[in-house]
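Novice: Below are the chains, spelled out letter by letter.
2 protein chains.
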Amino acid sequence: MKKIVNDPTNIVDEMLKGMIVSHSELIQRVPETGVIQRKAEKTGKVAVISGGGSGHEPAHAGFVGEGMLSAAVCGEVFTSPTPDQILEAIKVAEEGAGVFLVIKNYSGDIMNFEMAQELAEMEGIEVASVVVDDDVAVEDSLYTQGKRGVAGTLFVHKILGYAAQQGQSIAEIKELADKLVPNIKSIGLALTGVTTPGSKQPSFILGDDEIEYGVGIHGEPGYRREKLQSSRDLAEELLTKLTDEFGEKEEKNFAIMVNGLGGTPLMEQYVFTNDVYTLMKEQNLTIDYYKIGNLMTSLEMQGLSLTMLYLEDDFYIEALQAPVTTISW
Amino acid sequence: MKKIVNDPTNIVDEMLKGMIVSHSELIQRVPETGVIQRKAEKTGKVAVISGGGSGHEPAHAGFVGEGMLSAAVCGEVFTSPTPDQILEAIKVAEEGAGVFLVIKNYSGDIMNFEMAQELAEMEGIEVASVVVDDDVAVEDSLYTQGKRGVAGTLFVHKILGYAAQQGQSIAEIKELADKLVPNIKSIGLALTGVTTPGSKQPSFILGDDEIEYGVGIHGEPGYRREKLQSSRDLAEELLTKLTDEFGEKEEKNFAIMVNGLGGTPLMEQYVFTNDVYTLMKEQNLTIDYYKIGNLMTSLEMQGLSLTMLYLEDDFYIEALQAPVTTISW
Numbered sequence: 001m002k003k004i005v006n007d008p009t010n011i012v013d014e015m016l017k018g019m020i021v022s023h024s025e026l027i028q029r030v031p032e033t034g035v036i037q038r039k040a041e042k043t044g045k046v047a048v049i050s051g052g053g054s055g056h057e058p059a060h061a062g063f064v065g066e067g068m069l070s071a072a073v074c075g076e077v078f079t080s081p082t083p084d085q086i087l088e089a090i091k092v093a094e095e096g097a098g099v100f101l102v103i104k105n106y107s108g109d110i111m112n113f114e115m116a117q118e119l120a121e122m123e124g125i126e127v128a129s130v131v132v133d134d135d136v137a138v139e140d141s142l143y144t145q146g147k148r149g150v151a152g153t154l155f156v157h158k159i160l161g162y163a164a165q166q167g168q169s170i171a172e173i174k175e176l177a178d179k180l181v182p183n184i185k186s187i188g189l190a191l192t193g194v195t196t197p198g199s200k201q202p203s204f205i206l207g208d209d210e211i212e213y214g215v216g217i218h219g220e221p222g223y224r225r226e227k228l229q230s231s232r233d234l235a236e237e238l239l240t241k242l243t244d245e246f247g248e249k250e251e252k253n254f255a256i257m258v259n260g261l262g263g264t265p266l267m268e269q270y271v272f273t274n275d276v277y278t279l280m281k282e283q284n285l286t287i288d289y290y291k292i293g294n295l296m297t298s299l300e301m302q303g304l305s306l307t308m309l310y311l312e313d314d315f316y317i318e319a320l321q322a323p324v325t326t327i328s329w
Numbered sequence: 001m002k003k004i005v006n007d008p009t010n011i012v013d014e015m016l017k018g019m020i021v022s023h024s025e026l027i028q029r030v031p032e033t034g035v036i037q038r039k040a041e042k043t044g045k046v047a048v049i050s051g052g053g054s055g056h057e058p059a060h061a062g063f064v065g066e067g068m069l070s071a072a073v074c075g076e077v078f079t080s081p082t083p084d085q086i087l088e089a090i091k092v093a094e095e096g097a098g099v100f101l102v103i104k105n106y107s108g109d110i111m112n113f114e115m116a117q118e119l120a121e122m123e124g125i126e127v128a129s130v131v132v133d134d135d136v137a138v139e140d141s142l143y144t145q146g147k148r149g150v151a152g153t154l155f156v157h158k159i160l161g162y163a164a165q166q167g168q169s170i171a172e173i174k175e176l177a178d179k180l181v182p183n184i185k186s187i188g189l190a191l192t193g194v195t196t197p198g199s200k201q202p203s204f205i206l207g208d209d210e211i212e213y214g215v216g217i218h219g220e221p222g223y224r225r226e227k228l229q230s231s232r233d234l235a236e237e238l239l240t241k242l243t244d245e246f247g248e249k250e251e252k253n254f255a256i257m258v259n260g261l262g263g264t265p266l267m268e269q270y271v272f273t274n275d276v277y278t279l280m281k282e283q284n285l286t287i288d289y290y291k292i293g294n295l296m297t298s299l300e301m302q303g304l305s306l307t308m309l310y311l312e313d314d315f316y317i318e319a320l321q322a323p324v325t326t327i328s329w
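Chains A and B, in that order, give the protein sequences. Here UniProt numbering is used: the first residue of the first sequence is 1, the next is one more, and so on. Here UniProt numbering is used: the first residue of the second sequence is 1, the next is one more, and so on.
No lab work stands behind these hints: they were computed from the structure. Honestly, I wouldn't trust all of these hints.
Identical copies go unnamed one by one, so any copy, or any two together, can satisfy a pair.
For lysine to aspartate or glutamate, the following DMTMM-like pairs were computed, each having C-alpha atoms within a straight-line distance of at most 25 Å [what the hints assert, rightly or not]:
no., residue 1, residue 2
1, K200, E250
2, K227, E172
3, K17, D84
4, K39, D208
5, K281, D7
6, K241, D140
7, K45, E114
8, K241, E118
9, K2, E210
10, K174, E236
11, K200, E210
12, K252, E175
13, K39, D288
14, K179, E210
15, K200, E282
16, K249, E66
17, K2, E237
18, K179, E248
19, K45, E172
20, K281, E95
21, K281, E210
22, K252, E237
23, K17, E237
24, K91, D140
25, K2, E318
26, K17, E121
27, K42, E282
28, K252, E25
29, K17, E123
30, K2, E220
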């Protein structure tokens, strides 16, 4: 896999330098760290922080800004940030009302975020957290106990970021998060594997006419390989998996996210979106909010994921529709 | 090349349907056409319109909205929209102050936009236009007399869209456009070819360690193939070509655009941006505005382009920094 890179071991540092010079009105970097912090006046509200390994851009640094994340902690490629980096983010983002951590369900992330939480609490900072495990494809995985955290995490950023901006307390945000996360389900499919910078080989290799359902955002295995189907058949497979998870609901209203994994063009993402729309309409499921694009990627992987958020609470849609000042939302 | 698609011959129609359902608060489609129109109150100002073949998403429909384009005309993949479609766009976008067409320099686009202009003028609508030919890589090309129009076109959309929003007349916008376009220079490089939907083969094939400088956004040939270099060396090559074109300038201030061609992840785009920043700083060239991302793509092609806009007039930077309401700017 050809890549536009200098030294692969330095790729995250150079990426962050490029981000900072390009968006200096919005974000700043805590020197010598992978912490990206928003440039905004501190107003004594809860700070919402997320992060994880790099390689998923624009997640998470692209979602730092007013109304969304206070800071993002960027680890090396597909590698959890260290506890001291997360602690640094907590300390710089803290405004006096506590810090809320949004953690994707990977063993390394959970261990390091929890350690940072303990260290911050020892320094007298109030910290709470939620673990996002929206990927319904498989139970347990290469780096995960239980279900993986993927693109649905961005709905959590958006909704909790809005709650914080509205002045909700850390206890209220914790309650909101615990109710929100089970309402978010995602599932992906890959047309190609993904090659980390410096590696010679992709994580897995698919045939010229083959796809894999349920692949993770680090190239973790999915649940089935088969010949590439039409967009409509792909949409039907993913949608069925998701609606099966939700079961029968009283209300029929959802927000959806069609997320490109990095190498799939917008044209295909919109064709797929049209199929999701048509299929959901046939099932009398209403889509009240759409988010389409490369949001939680896996480097240059071709493929996409579908996320559904069950709009159990009117607050979710109010939060999704609120304006933000970020690079990429 | 695997693609998420149903019927390749219907891909643009299905993409537009997906766009419309996803962004119904911002845009609407003129029924039975490839015309995407903004949903905004008409206020008697000049309407700026652009368009061309599809396959470059988010260009151009992603840039329809207040402060930018009034409408975009979406042709089939890599195929100019027909004169009647362009005429339809002119008629629906017109607010009484005339319509300004931004045309990328491809023979088919020029022929069809000019024909539509004549037809509209026969119906009493005042129309003016500019042809963008920012790609300095080669003189003449597969589909072009002179230089190709590529990503720099988006700076034209943004600046003319702002001028229109400010209430400039069509004569003023024409004068602005004629002065602006020679200040914009672009050049690209490809790591892979591009395969149109339904085709079995890409437009060209590069070796596993090979790149091509100067490739066009439809896979048109560039000016040199060689082994993949470091990001910094790639940046130096592209930057040198651009600064050579500009020659000696009194002021040293530029806006830049690093544009992903569809299959290159944001991580690599930011690494490259950091190299451009460093090299320009060494040459005492100042960057006053950055735009980074997949903006004028070539389906799933891996590669990127660099655009420099010489900030000859303070109005350019004012226009670039003004807020807009679009899907993708």
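Novice: It remains to establish, for every hint, whether it holds in the given structure.
Specialist: Now for the hints, and whether the structure bears them out:
1. In this assembly of identical chains, K200 and E250 lie within 25 Å of each other by CA distance neither inside one copy nor across copies; the values are 50 Å within and 47 Å between.
2. Taking CA atoms no more than 25 Å apart as the test, K227 paired with E172 passes in neither setting, with 47 Å inside one copy and 56 Å between copies.
3. When the C-alpha separation of K17 and D84 is checked against a cutoff of 25 Å, the pair qualifies only within one copy, where the shortest distance is 20 Å, while the shortest distance between copies is 47 Å.
4. Neither within a single protomer nor between protomers do K39 and D208 lie at most 25 Å apart by alpha-carbon distance, with minima of 46 Å and 42 Å respectively.
5. Taking the shortest alpha-carbon separations for K281 and D7, only the inter-copy value of 21 Å comes in at or below 25 Å, while the best intra-copy value is 49 Å.
6. Taking the closest pair of Cα atoms, K241 and D140 come within 25 Å of each other only inside a single copy of the chain (17 Å); across copies the shortest separation is 51 Å, beyond that limit.
7. Taking identical chains as interchangeable, the C-alpha atoms of K45 and E114 lie at most 25 Å apart only when both belong to the same chain, with a minimum of 22 Å there against 56 Å between chains.
8. In this homomeric assembly, K241 and E118 never come within 25 Å of each other (Cα to Cα): the closest approach is 37 Å inside a single copy and 53 Å across copies.
9. With identical chains, the CA atoms of K2 and E210 are at most 25 Å apart both within one copy (22 Å) and between copies (8 Å).
10. Taking the shortest Cα distances, K174 and E236 never come within 25 Å of each other, neither inside one copy (34 Å) nor across copies (49 Å).
11. Taking CA atoms no more than 25 Å apart as the test, K200 paired with E210 passes in both settings, with 21 Å inside one copy and 15 Å between copies.
12. Proximity of K252 and E175 under a CA criterion of 25 Å is satisfied intra-copy only: 23 Å inside one chain copy versus 53 Å between copies.
13. Only between protomers do K39 and D288 lie at most 25 Å apart by alpha-carbon distance; the minimum there is 18 Å, versus 31 Å within a single protomer.
14. For a Cα distance limit of 25 Å, the shortest separation of K179 from E210 qualifies neither inside one copy, at 38 Å, nor across copies, at 51 Å.
15. In the homo-oligomer, the alpha carbons of K200 and E282 never lie at most 25 Å apart, since the shortest distance is 45 Å inside one protomer and 34 Å across protomers.
16. In this homomeric assembly, K249 and E66 never come within 25 Å of each other (Cα to Cα): the closest approach is 33 Å inside a single copy and 38 Å across copies.
17. For a Cα distance limit of 25 Å, the shortest separation of K2 from E237 across copies, 18 Å, qualifies, whereas the shortest one inside one copy, 32 Å, does not.
18. With identical chains, the CA atoms of K179 and E248 are at most 25 Å apart within one copy only, with a shortest distance of 18 Å there and 61 Å across copies.
19. In the homo-oligomer, the alpha carbons of K45 and E172 lie at most 25 Å apart inside one protomer (12 Å), although the nearest pairing across protomers, at 47 Å, exceeds that limit.
20. Within a single copy, K281 and E95 get their C-alpha atoms no closer than 44 Å, and across copies no closer than 36 Å, so neither meets the 25 Å cut-off.
21. For a Cα distance limit of 25 Å, the shortest separation of K281 from E210 qualifies neither inside one copy, at 29 Å, nor across copies, at 46 Å.
22. With identical chains, the CA atoms of K252 and E237 are at most 25 Å apart within one copy only, with a shortest distance of 19 Å there and 55 Å across copies.
23. In the homo-oligomer, the alpha carbons of K17 and E237 lie at most 25 Å apart only across protomers (21 Å), although the nearest pairing inside one protomer, at 40 Å, exceeds that limit.
24. Taking identical chains as interchangeable, the C-alpha atoms of K91 and D140 are never at most 25 Å apart, the minima being 32 Å within one chain and 57 Å between chains.
25. Taking the shortest Cα distances, K2 and E318 never come within 25 Å of each other, neither inside one copy (43 Å) nor across copies (38 Å).
26. Taking the shortest alpha-carbon separations for K17 and E121, neither the intra-copy value of 31 Å nor the inter-copy value of 50 Å comes in at or below 25 Å.
27. When the C-alpha separation of K42 and E282 is checked against a cutoff of 25 Å, the pair qualifies neither within a copy, at 47 Å, nor between copies, at 36 Å.
28. Proximity of K252 to E25 under the C-alpha cut-off of 25 Å is restricted to the inter-copy arrangement: shortest distance 21 Å between copies versus 41 Å within a copy.
29. Taking the shortest alpha-carbon separations for K17 and E123, neither the intra-copy value of 30 Å nor the inter-copy value of 53 Å comes in at or below 25 Å.
30. In this assembly of identical chains, the alpha carbons of K2 and E220 lie at most 25 Å apart whether taken from the same copy (21 Å) or from different copies (20 Å).
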